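Using the hints, position chain B against chain A.
Quick mapping for you: the protein sequence lines, in order, are chains A and B.
If you read the first sequence in the numbering used here, its first letter stands for residue 1, the second for the next number, and so on.
If you read the second sequence in the numbering used here, its first letter stands for residue 1, the second for the next number, and so on.
Simulated from the structure, these hints should not be mistaken for laboratory data.
Since the model is a prediction, treat every value here as computed from it, not as a measurement.
Among the hints, a few may not be true.
What the hints assert, rightly or not - Calculated cross-link-like contacts (lysine-lysine; reagent style DSS-like; alpha-carbon spacing at most 30 angstroms):
#	chain 1	residue 1	chain 2	residue 2
1	B	Lys51	B	Lys76
2	B	Lys20	B	Lys42
3	B	Lys76	A	Lys42
4	B	Lys42	A	Lys51
5	A	Lys42	B	Lys20
If you want the building blocks of each chain, they are given just below.
There are 2 protein chains.
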Amino acid sequence: MPLYLSAPDAVALVRRKGLKNCIAGIADNIRADFLRWPDFDKSARVANHSKDGVIELMPISDDTAYSFKYVNGHPKNTAIGLSTVMAFGVLADVATGAPTLVSELTLTTAMRTAATSALAAKTLARPDSRVMALIGNGAQSEFQAIAFQHLVGIDTVRLFDIDPQATAKLVANLSGSGLSLQVCTSAAEAVQGADIVTTVTADKACATIVTADMLAPGMHINAVGGDCPGKTELAARVLQAAKVFVEFTPQTRIEGDIQQMPADFAVTELWEVLNGSRTGRESDAQITVFDSVGFALEDFSALRFMHDAALALGYGERLALIPQMTDPKNLFGTLLDGQANAAPIHLQPQAVAMA
Amino acid sequence: MPLYLSAPDAVALVRRKGLKNCIAGIADNIRADFLRWPDFDKSARVANHSKDGVIELMPISDDTAYSFKYVNGHPKNTAIGLSTVMAFGVLADVATGAPTLVSELTLTTAMRTAATSALAAKTLARPDSRVMALIGNGAQSEFQAIAFQHLVGIDTVRLFDIDPQATAKLVANLSGSGLSLQVCTSAAEAVQGADIVTTVTADKACATIVTADMLAPGMHINAVGGDCPGKTELAARVLQAAKVFVEFTPQTRIEGDIQQMPADFAVTELWEVLNGSRTGRESDAQITVFDSVGFALEDFSALRFMHDAALALGYGERLALIPQMTDPKNLFGTLLDGQANAAPIHLQPQAVAMA
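Just chain A, with the same shape it has in the complex (with noise of 0.2 angstroms):
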């Protein structure tokens, strides 16, 4: 029976390894990962594109493990109450199609971007940066900035949302944090003198967050909110400036800001840059684009990452997700003998909550 973690179990691992821990793990994972990027069956996320949002379906697998993360995408949830992006995620067993992990993917996937991210940034952006700009300051925004803090060596954020309050919950919520925050009233005002310009915003629209009056020689972008069609956050003159990176060219084609150029616009995938085969940053005034989109890979790196803490620490519960059968051509025999009912943990009947 697969492991169960839960959105509650894994804020309470997290909370109990430490934050910074959880994303420097994720990045080690993906980093290994990156490094073994022809072991990998890839393809690009099936999406399912409604009027107000998207619903994907991220698989990826090797050998020996498969994962799939399901996420969506809803820019108006938070008028509602709810998130933005909600996503869980399973590992299986490649050997038997058995899965192995059904775990929680919304704080995970927060997590796996910003060490994703960092990771990117920590391979292409001037290795003196210390000031980022972040603009957009929603959900992610804060795993950004404690990834950009200790894993790039940030030491001052430079903050702009449109909507003031997020920029208030972020100063709150990263107050304790050693980072000199600074707040700006304009991404153009957060742009100045930064090294490092993270945009994480959640509009599904053209839109062009980062223009190119704005750049400095030597900038690196980390573009992460433009990742699915009709939604990019750089103006193309931006990434005709700069050298671009990307995670899986197929899909950011499709998905990344990248999606406003040429199909033959040149860009340098991000594994071959970690593994020597290709050159990253050439100067230090080039400015360097990581055109982020969250690829199949960085989940299956951070679900491992959640499991083997999972499992290590005793979080999680067993879901009783398929039949246990003393014989497994006779599925028709549950339906006689209950036996299917003798599994041996069947979750609380007192959890039932009903309308």
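Coordinates of chain B only, in the frame set by chain A:
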């Protein structure tokens, strides 16, 4: 929070409602959904193939509801006490992306496959069909027999499996069903005198369970087991001799028995026959083939049946898979004040079972 319907809960629900009633209810849902076929955002399933099997994701949505199924196919699993096919699925709200149901789909897949087969046979087989050959007597076979008995009017089933124990299991399971069960020593013998031939074998191989010499005028062939690349059950000459019906053409050309035919081999989609826009069987002598591979819409229909039934009868419990937050933009806050820990229902800690 989504409703969670475990395998034991699904078994209990089906035992309470009765298997034939569940299959009939699912068949009604499938018919209703096939009649509004153009309403759905359809795609071929995403498959990760490995040495011994395949893991697939099958998403589909209309304007209001989304579903996907996770399902594997590992024929060697039974040798180590696991099911060949294990499945679970999710329903979600298209407007918000929030999951509404997490359900077992191993048992439910067997019911929906049988419901689809029976719906196709009721539409395509001669109305006076009473005798069915059932080749492959594994986990899916009893469900096929019950569905054909109650929805199509079959009274006699002629059985064959290369594993005599599988046939013995089927005979024991269906001894009180009212069906006349005739055990045969070969596929060819089982097919003799049959109005309908159902093949539901598991080997991942290009097999020829049914060959042209076994055909009789007016036969309907319900080919269920040929359902992924490299896995077929019918000889090419059987397909050439018949009028062939499919679920979703782009998927069946890859996965169905017609994978061995040219890309322009003529097929008719079942929904077109159901809504009267295309002809089904053209004469009592014509041979018809339903080249079934299993389509996401059938799982959508089945998940909605199980969801409605679970809500009506009080089965299932709520799953804290998504963080519950007072401010959805404040995901980070869950780590500071533990508000996600205050989710109203946290599955019981005593259910933890760690290695």
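Results for each hint:
no. : hint                : in the structure
1   : Lys51(B) - Lys76(B) : 11 angstroms, holds
2   : Lys20(B) - Lys42(B) : 29 angstroms, holds
3   : Lys76(B) - Lys42(A) : 25 angstroms, holds
4   : Lys42(B) - Lys51(A) : 16 angstroms, holds
5   : Lys42(A) - Lys20(B) : 41 angstroms, violated
Checked against the numbered hints listed earlier, the structure breaks hint 5 alone; every other hint is satisfied.
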